[in-house]
Amino acid sequence: MINVVELKPINSKGMLVFAILGIFINGIAVLRLKKGTSINEKVVSWHLLEDVLGWMAILIVSIVLLIADIPVLDPILSILISVVVLYNVIKNLKQILNIFLQGVPKDLSIKEIEQEITGKTGAISAYHTHLWSLEGEKNLLSTHIIVKDGIAHQEIIAIKQEIRRLMKEKGIDHVTIEVDYQDEGCENKSCD
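As numbered in the working numbering, the sequence shown has no gaps in its residue numbers, which increase by one up to the final residue, 184.
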């Protein structure tokens, strides 16, 4: 904040040179990483894009400073870039924390998945379902299903295959299914 109060002379030519170099170098990196799909690649790509945008802002301010002597633009630009970066850090941190804490992926619902399992397969009920993501792309599911007593082994295999097919359509790559029979009861009172 001292620089805002005590405005010092700014080397606008130096700013211009560094801005051009920054745009060039970070621009190449953004182009190389823009096709990334994992959360890590997206965060790095976004960070590099922020750098390019920051360097573009510095380029514009350095040109303005070459034309007109408005030294207050430098600290204002610094504050503005800091606010934009902080906003995006917080946004990305929420997404990363959801993955670390094994939260349900944003576009999926456990209740809807359990309803789909019981509505489209031979399972009577689905319960104790857990759904999470390892890195924002690969989703995993574990669930218990209840099947009718005396069901043939081949029918259980068919039910499990149908559940896996349905989950694959939803982008859930790994599915673990525990099969319980109707007369077994269950440890969890919400298995109905």
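To be clear, the hints were calculated from the coordinates, so they are not data collected in a lab.
Bear in mind the structure is a predicted one, so any value in this text is a computation, not a measurement.
Idealized CB from N, CA, C, for every residue including glycine.
Be aware that one or more of the hints could be misleading.
[To be verified] List time: in silico BS3-like cross-link candidates among lysine-lysine, alpha-carbon distance up to 27 Å: (1) K112 <-> K26; (2) K162 <-> K103; (3) K112 <-> K160; (4) K27 <-> K5; (5) K83 <-> K112.
[Claimed, not checked] Distance windows between CB atoms, simulated: (6) V171 <-> Q107: 49 to 57 Å; (7) L45 <-> F92: 43 to 51 Å; (8) H145 <-> T121: 21 to 29 Å; (9) K140 <-> K27: 29 to 37 Å.
For a quick check of understanding: which of the numbered hints are violated here, in increasing order? 1, 4, 5, 6, 7 and 9
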